[in-house]
Each structure stands twice: as C-alpha cells, then as structure tokens.
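Modelling step: build the complete structure from the supplied sequences, incorporating the hints.
Listed below, chain by chain, are the residues.
There are 2 protein chains.
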Amino acid sequence: MVNFAKMMDNVKASEIRELLALTQRPEVTSFAGGLPAPELFPVQDFKKACDAVLDEQGTVALQYGTTDGWAPLRKQIAERMLAKNSIHADPKDILLTAGSQQGLDYAGRVFLDPGDVVIMESPSYLGAINAFKLSQPRFVEIPTDENGMIMSELEKVLATTKNVKLIYVIPDFQNPSGRTWPLERRKEFMEIITKYEIPVVEDNPYGDLRYKGEFLPALKSMDTKNLVIYLGTFSKILAPGTRIAWMCANPEYINKFNLLAQAAVLQTSTFGAMAVSKYLEMFDIDAHVEKIRAVYGHRAGVMVQAMKDYFPEGVTFTDPDGGLFTWAVLPDYIDTKVMASQCLAKNVAYVPGAGFFPNGGNNHCMRLNYSCAGDEQIVNGIRIIGDIIKANLK
Amino acid sequence: MVNFAKMMDNVKASEIRELLALTQRPEVTSFAGGLPAPELFPVQDFKKACDAVLDEQGTVALQYGTTDGWAPLRKQIAERMLAKNSIHADPKDILLTAGSQQGLDYAGRVFLDPGDVVIMESPSYLGAINAFKLSQPRFVEIPTDENGMIMSELEKVLATTKNVKLIYVIPDFQNPSGRTWPLERRKEFMEIITKYEIPVVEDNPYGDLRYKGEFLPALKSMDTKNLVIYLGTFSKILAPGTRIAWMCANPEYINKFNLLAQAAVLQTSTFGAMAVSKYLEMFDIDAHVEKIRAVYGHRAGVMVQAMKDYFPEGVTFTDPDGGLFTWAVLPDYIDTKVMASQCLAKNVAYVPGAGFFPNGGNNHCMRLNYSCAGDEQIVNGIRIIGDIIKANLK
Numbered sequence: 234m235v236n237f238a239k240m241m242d243n244v245k246a247s248e249i250r251e252l253l254a255l256t257q258r259p260e261v262t263s264f265a266g267g268l269p270a271p272e273l274f275p276v277q278d279f280k281k282a283c284d285a286v287l288d289e290q291g292t293v294a295l296q297y298g299t300t301d302g303w304a305p306l307r308k309q310i311a312e313r314m315l316a317k318n319s320i321h322a323d324p325k326d327i328l329l330t331a332g333s334q335q336g337l338d339y340a341g342r343v344f345l346d347p348g349d350v351v352i353m354e355s356p357s358y359l360g361a362i363n364a365f366k367l368s369q370p371r372f373v374e375i376p377t378d379e380n381g382m383i384m385s386e387l388e389k390v391l392a393t394t395k396n397v398k399l400i401y402v403i404p405d406f407q408n409p410s411g412r413t414w415p416l417e418r419r420k421e422f423m424e425i426i427t428k429y430e431i432p433v434v435e436d437n438p439y440g441d442l443r444y445k446g447e448f449l450p451a452l453k454s455m456d457t458k459n460l461v462i463y464l465g466t467f468s469k470i471l472a473p474g475t476r477i478a479w480m481c482a483n484p485e486y487i488n489k490f491n492l493l494a495q496a497a498v499l500q501t502s503t504f505g506a507m508a509v510s511k512y513l514e515m516f517d518i519d520a521h522v523e524k525i526r527a528v529y530g531h532r533a534g535v536m537v538q539a540m541k542d543y544f545p546e547g548v549t550f551t552d553p554d555g556g557l558f559t560w561a562v563l564p565d566y567i568d569t570k571v572m573a574s575q576c577l578a579k580n581v582a583y584v585p586g587a588g589f590f591p592n593g594g595n596n597h598c599m600r601l602n603y604s605c606a607g608d609e610q611i612v613n614g615i616r617i618i619g620d621i622i623k624a625n626l627k
Numbered sequence: 234m235v236n237f238a239k240m241m242d243n244v245k246a247s248e249i250r251e252l253l254a255l256t257q258r259p260e261v262t263s264f265a266g267g268l269p270a271p272e273l274f275p276v277q278d279f280k281k282a283c284d285a286v287l288d289e290q291g292t293v294a295l296q297y298g299t300t301d302g303w304a305p306l307r308k309q310i311a312e313r314m315l316a317k318n319s320i321h322a323d324p325k326d327i328l329l330t331a332g333s334q335q336g337l338d339y340a341g342r343v344f345l346d347p348g349d350v351v352i353m354e355s356p357s358y359l360g361a362i363n364a365f366k367l368s369q370p371r372f373v374e375i376p377t378d379e380n381g382m383i384m385s386e387l388e389k390v391l392a393t394t395k396n397v398k399l400i401y402v403i404p405d406f407q408n409p410s411g412r413t414w415p416l417e418r419r420k421e422f423m424e425i426i427t428k429y430e431i432p433v434v435e436d437n438p439y440g441d442l443r444y445k446g447e448f449l450p451a452l453k454s455m456d457t458k459n460l461v462i463y464l465g466t467f468s469k470i471l472a473p474g475t476r477i478a479w480m481c482a483n484p485e486y487i488n489k490f491n492l493l494a495q496a497a498v499l500q501t502s503t504f505g506a507m508a509v510s511k512y513l514e515m516f517d518i519d520a521h522v523e524k525i526r527a528v529y530g531h532r533a534g535v536m537v538q539a540m541k542d543y544f545p546e547g548v549t550f551t552d553p554d555g556g557l558f559t560w561a562v563l564p565d566y567i568d569t570k571v572m573a574s575q576c577l578a579k580n581v582a583y584v585p586g587a588g589f590f591p592n593g594g595n596n597h598c599m600r601l602n603y604s605c606a607g608d609e610q611i612v613n614g615i616r617i618i619g620d621i622i623k624a625n626l627k
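As you go down the protein sequences, you meet chains A and B in turn.
Just so you know, we're using this note's numbering here: the first sequence kicks off at 234 and counts up by one.
Just so you know, we're using this note's numbering here: the second sequence kicks off at 234 and counts up by one.
Quick caveat, the hints were computed from the structure, so don't treat them as lab data.
In this text, all values refer to a predicted model and were calculated from it rather than measured experimentally.
There could be a bad hint or two in this list.
Pairs count within a copy or across copies, as identical chains cannot be separated in the list.
Here are the simulated DSSO-like cross-link-like pairs (lysine-lysine), alpha carbons at most 27 Å apart as the crow flies [stated by the list, open to error]: (1) 623 <-> 570; (2) 570 <-> 245; (3) 280 <-> 308; (4) 428 <-> 239; (5) 239 <-> 325; (6) 458 <-> 245; (7) 445 <-> 317.
In structure tokens, the structure reads:
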C-alpha cells in the first residue's frame with residue numbers, strides 16, 4: 234500500500250471537469266467553459282512570428298534559458314503594464330510563468346503554510362481555490378455586492394483574524410461574477426491592506442477586455458508599500474496554447490518566486506516566450522484586442538438581453554463591463570447542480586456556482602460564459618435555461 | 234514584516250547558478266553547464282513542423298487543451314518507449330510535463346510529507362535534490378561504485394529505515410557521475426524494490442545518447458509491481474526550449490499527478506506538444522539522434538583521453554558510455570570549490586561536486602560536461618585543470 238502525501242487528500246477531481254467532458258457533444262450549447270473564441274486567434278500572424286524567431290535566433294529559441302524568462306519580452310510586458318494599467322515596473326521585477334495558474338501555485342507555495350488564512354472574494358476563481366488548496370490553508374470569504382468585495386467586511390475580518398498570509402482578488406470582470414470594482418473601492422482596499430500589510434495577489438487576466446465604461450487603474454498601480462503581486466497573461470488577448478503569463482512583484486517576492494521556479498520547473502518555454510515577444514514586435518496587439526473586444530462585447534450584450542427577456546423575476550444577474558462571464562443568482566431553494574442535469578438533457582450547459590465558494594454552500598448560483606457562442610445559440614440557450622428555471626420555481 | 238512559508242527556508246540560490254553566470258564570459262571554456270550543443274538543433278525541420286501545425290490545426294494549437302496533454306504525442310511517446318526502452322505503456326498512463334524538472338516537482342509533492350525519507354544515489358542530480366527539498370524530506374544517500382548504486386547498501390537501508398516514500402535513480406549515464414548500471418544490477422534493484430514496494434522515480438533524460446556498448450532495458454520495463462515512475466524528455470534528443478517531457482506510471486499514480494497538474498498549472502503548452510508531435514511525424518528523430526551521438530561520443534572520447542594525458546595519478550574519472558558528463562574524484566584534501574576559482578582565473582570552468590550530495594560533504598569531486606565544446610577547447614581546458622590539480626597536490 235503506497236501512501237501519498239497528506240496534501241493530496243485535498244486534491245479531488247473537479248466536478249466541473251467532469252461536466253465539461255459531457256458538454257463536448259456537438260449538439261450541446263455550452264456556456265460552461267471559459268475559453269477564448271478560437272476563430273479570433275491570429276494564427277497566421279503568430280506563424281510569421283514563430284518563423285522569424287526560428288530563422289533569426291533558432292538556436293537560442295530551442296535552448297535552455299534563464300528562470301526569469303526571455304528578457305526582451307519582460308521589457309515589452311513592463312512597457313505594456315505602464316501603458317494599460319499605470320503600473321511602473323522594472324523588467325527585473327517580472328517572472329514569466331506557464332499561465333497565470335502557475336503564478337497562483339507559486340503564490341500559495343511561497344506564502345502559505347498549512348492552516349494559514351487566505352482571504353478571497355465570495356465567490357472567487359475556482360482555479361485559485363484549487364491551487365491554494367495544495368498548501369492546505371484555511372479560506373476566509375469576504376462578502377461581495379454588485380461592485381465586488383465589500384471593504385467594511387474585509388476590514389472586520391482583518392481586525393479579528395490571525396495568520397492572514399495572503400489576499401486573492403480579481404478586481405476587473407471577475408471570474409465567476411463578471412463584476413468590477415469601482416475606483417473608490419480600489420482606493421479603500423489599498424488603504425486597508427497598506428494598514429495591515431498583507432500580500433495581495435491581483436489576478437488580471439481579463440483587464441484588456443473592457444466593453445463599456447472607463448479603464449480603471451490596477452491595484453498594483455496604487456501599491457505604495459509594494460504588497461501587490463500582479464498576475465498578467467497573454468491567454469485571453471493572444472492565445473492560451475503557448476502558456477505565457479507573468480508575475481510582477483517587489484524584488485524580495487520575485488526573488489522567492491524565482492528560487493521556487495528554479496527548483497520546480499527551471500523555466501518557461503524559451504521558444505514560446507520568444508514567439509510572443511516577436512508577435513508583439515511585428516504586429517499591433519492593441520488592434521487585435523480591439524477585434525476581440527468588439528466580438529465579446531456584442532456576445533455579452535446578446536446574452537444579457539436574452540436573460541432580461543427569458544429569465545423570470547427573482548433571478549438577478551451581472552451585466553458585465555468586460556471579461557468572459559456573467560453570473561446569475563436564483564431563488565435560494567433552486568439547486569443549480571440538479572438543474573444542470575435538466576439543462577444538459579436539453580443540450581444546454583452552464584457551471585453551477587457552488588464550486589466558486591471555497592467553503593461550499595451557495596447552491597443557487599450559476600456562471601455563464603458567452604465568448605464562444607454565436608447570437609442564435611446564445612438566445613436559444615438562455616431561453617431554454619429560462620424555461621427550466623421557471624419550471625423549478627415554487 | 235511578511236512571513237514566507239516555512240518550506241521556503243529550504244530554498245536557497247544555487248551556487249552553481251552563480252558560477253554559471255561567471256562562465257558566460259566569451260573567453261571562458263566552460264565544462265560547467267549541461268546544455269545540449271545548439272549547433273545540432275534541427276531548427277529548420279522544427280520550423281517546418283511548427284508551420285504545418287499552425288497551417289493545419291492553428292486554432293487547436295493556440296487553444297487550451299487537456300491536462301494530460303496532446304493525445305497523438307502521448308501515443309508517439311508510448312510507441313517510442315516500447316521500441317527504445319522495452320516499456321509497454323498505454324498512452325493513458327502518460328502525462329506531459331514542462332520538462333522532467335516538473336515531473337520531479339510533481340513526484341515530490343505527491344509522495345513526500347515533511348520528514349519523509351527519499352533515497353538517492355550518492356552523488357545524484359542537483360535539480361532533483363532541489364525539487365524534492367520543496368517537500369522538506371530527509372535525504373538518505375546510497376553509496377555508489379563505477380557501476381552505480383550498490384544494491385547491498387540499498388537493501389541495508391530499506392531494512393532499517395522507516396518512512397521511505399520514494400527512491401530516485403538515474404540508471405543510464407547518470408548526472409553527475411556519467412555511470413551506468415549494468416543489467417545485473419538493474420535486476421537486483423527491481424527485486425529489492427518489489428520486495429519493499431517503494432515507488433521509484435527512474436529519470437532517463439540521456440538514455441538515447443549511448444556511444445558505446447549495448448542499450449540496456451529501463452527499470453520500468455521490468456516493473457512487475459508497477460512501482461516505477463519513468464521520466465522521459467525531448468530536451469536532450471530534440472531541444473529543451475519547448476519544455477516538453479513526460480511521466481509514465483501506473484494509473485493510480487498518473488491520476489494523482491494529473492490532479493496535481495490541474496491545480497498547479499492546468500496543462501503544458503498545446504502548441505509546444507503539437508509541434509514536437511508533428512516533428513516526430515514529419516522527420517526521422519532516430520537519424521537525428523544518431524548525429525548527436527556521433528558528435529557527443531567523439532567529444533567524450535577527446536575529454537577522457539585528455540584526462541588520461543593531463544590529470545595526475547591519484548585522480549579517478551568516469552569513461553562514460555553515453556550522456557553529457559564525466560566525473561572526477563581528486564585526493565580528498567583538495568577542495569574543488571576553492572580550485573574552481575583558480576581554474577576560472579585561467580578561464581576554465583567546471584562544477585564542484587559537493588552540490589550533488591544532498592547531505593553535503595565530498596568537496597573533492599568535480600563534474601565536467603563535454604557536449605558543448607570543440608576538440609581544441611576540450612584538450613586545452615583539461616590540460617589547464619590538470620596543471621592546477623598538480624599544483625594543489627601535497
């Protein structure tokens with residue numbers, strides 16, 4: 234009998250993965266995923282970038298590289314964070330990672346001992362919950378409203394909770410809720426964490442994908458005490474298949490992440506990083522992001538209108554300003570996991586909300602993704618879900 | 234004051250990394266690295282493979298994929314392991330990883346709780362020591378001779394040591410020693426671990442790079458109790474820059490690794506895996522490996538001859554049958570770390586051996602890499618090291 238490490242007791246197969254497997258049938262309209270729309274990938278431009286890298290620096294691209302990652306790409310990232318997020322960062326303060334998921338794993342491992350507290354929005358990103366679980370922490374959830382985390386609740390928790398080692402937040406177009414923190418709340422948050430001096434992971438995979446309203450500064454741009462670990466990625470604005478993302482943090486933190494990365498994985502792909510760097514050099518990524526925003530913004534609008542048309546009274550949902558998701562809250566006696574099977578029988582899928590709450594409960598919510606479906610699919614799918622909700626009403 | 238996780242106390246900057254930084258000066262002949270020779274990378278063929286992937290399945294290559302990794306590549310790997318290593322494996326028993334280093338991290342995390350024992354050859358691969366340190370184990374070293382691990386010593390340790398959770402070995406052309414286990418010793422090892430039922434990591438990055446003698450079957454091919462976790466990689470036979478490697482193990486272990494990978498990193502690069510798969514489909518990798526073997530085999534021969542010519546009596550060294558390294562043992566009063574500075578002053582570099590012993594000591598050894606240097610460089614460099622050894626003799 235082989236014994237596995239105790240930590241593995243926390244690691245279970247994700248119900249969502251099992252659900253997603255069922256949604257692969259071609260007849261299913263799936264709002265369950267969170268994938269970028271593949272028809273928008275700049276395949277031919279990316280190919281030109283790969284060709285240029287291999288023609289110009291092929292032996293460098295195929296060789297081992299440094300743990301921090303391809304230096305010209307880190308410089309481009311620093312410039313882009315300044316232009317888009319008002320973040321002043323030195324390329325030395327950036328570490329490339331294989332997707333932001335790896336950044337979450339690193340953050341958990343560097344900051345959390347078993348039993349330590351990690352604070353998250355309620356609900357929050359399922360993948361972050363799973364990554365942090367590997368460090369066996371205690372999760373404390375902060376209630377949210379339509380403007381994200383409620384800061385008075387955060388302050389209450391920090392004033393009364395020991396061993397808070399990390400706070401994880403997604404201020405822009407949150408996964409799963411689709412909500413965005415207004416400027417005032419960002420300022421309040423930074424005042425609070427500056428007072429308590431707790432490290433913060435600001436996960437911003439969707440920040441560029443704003444469809445409505447003004448871009449807001451990143452928490453990291455207001456980070457006078459250098460407590461914020463900013464996670465950015467090319468997965469949603471270019472393509473996820475190359476697994477190129479980054480962490481940006483103060484030199485002390487980045488040094489720890491770098492040492493961990495050396496031991497855990499040596500480095501991200503040299504070729505992948507150089508291809509992304511060359512793409513940024515050869516093409517206008519902002520023009521490309523503009524195309525994505527137009528398509529996703531349209532699809533978000535179609536879904537929200539369909540929800541207004543077909544969801545019954547008593548159901549609330551987010552009208553997102555950006556990102557990939559909307560979130561619906563049903564009467565609390567409806568179990569969205571049970572309802573998911575009813576919907577799947579009618580060939581429509583969504584993700585039940587419970588998995589996004591680290592401590593469980595909240596069985597009456599659902600996450601809906603609109604980035605990968607056409608207008609007609611969206612309207613028909615939402616109509617079917619609406620009918621099933623109505624059939625479940627008491 | 235921010236507190237980091239206790240585990241991070243174990244994670245220190247590698248002295249070797251600092252040494253390698255000093256060896257970057259162009260006038261330095263470095264035997265310190267362990268890089269494949271970049272002039273042998275099949276850059277133009279790899280470019281054709283990338284182009285074909287992006288032309289034929291671009292939107293798939295740039296999208297998210299499954300955690301286990303691109304299925305056609307896992308099938309190709311299974312076929313190749315059967316042909317080259319006599320390993321019968323189902324593609325379902327394979328998980329792609331971002332380099333074998335990630336496989337080491339996964340093995341440590343899945344099997345080791347703090348204080349558990351991991352057994353290694355003495356000396357062993359520095360990167361494995363560093364990866365396992367993240368799980369805070371106790372390291373027990375098994376003495377070795379010119380034929381690798383001494384099996385009677387292993388049996389003694391297993392008979393008397395509690396909480397042995399993992400055994401890590403490199404039977405082919407070991408890093409750092411360059412030694413290979415003969416068939417008889419492989420059989421003995423498998424008998425012992427079959428008796429004690431301890432999971433084994435068989436790390437085989439160099440197995441294809443044999444210059445002399447007969448290929449020997451992998452431990453995994455004799456694994457009647459399914460205890461061996463086999464690590465293979467494309468880093469040394471194709472290129473390390475894409476970070477595509479694999480783990481092969483029984484379904485129970487692979488399921489654990491897969492769950493961990495889901496939480497820690499989601500997946501390896503879809504595009505990277507598809508490019509490697511397409512390369513294997515379009516080109517003859519065995520013909521390519523043949524070229525590498527010819528070049529490295531020649532360089533190994535030049536280095537060993539130079540050591541015979543220039544190293545004084547009292548120094549022993551490995552005449553490797555394959556791989557990238559030879560290993561020299563000096564009189565035990567010579568500190569190879571001190572001597573490394575003397576050599577660097579003469580523009581020659583190697584890696585002091587102490588770092589390859591998880592519990593320290595053994596300051597009189599050195600690892601020498603021959604894969605990246607020309608004949609004249611090798612002869613001159615070894616002559617200089619030989620002169621410095623002589624100057625240090627009592």
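- So which hints don't hold here, by number, going up? The structure breaks none of the hints.
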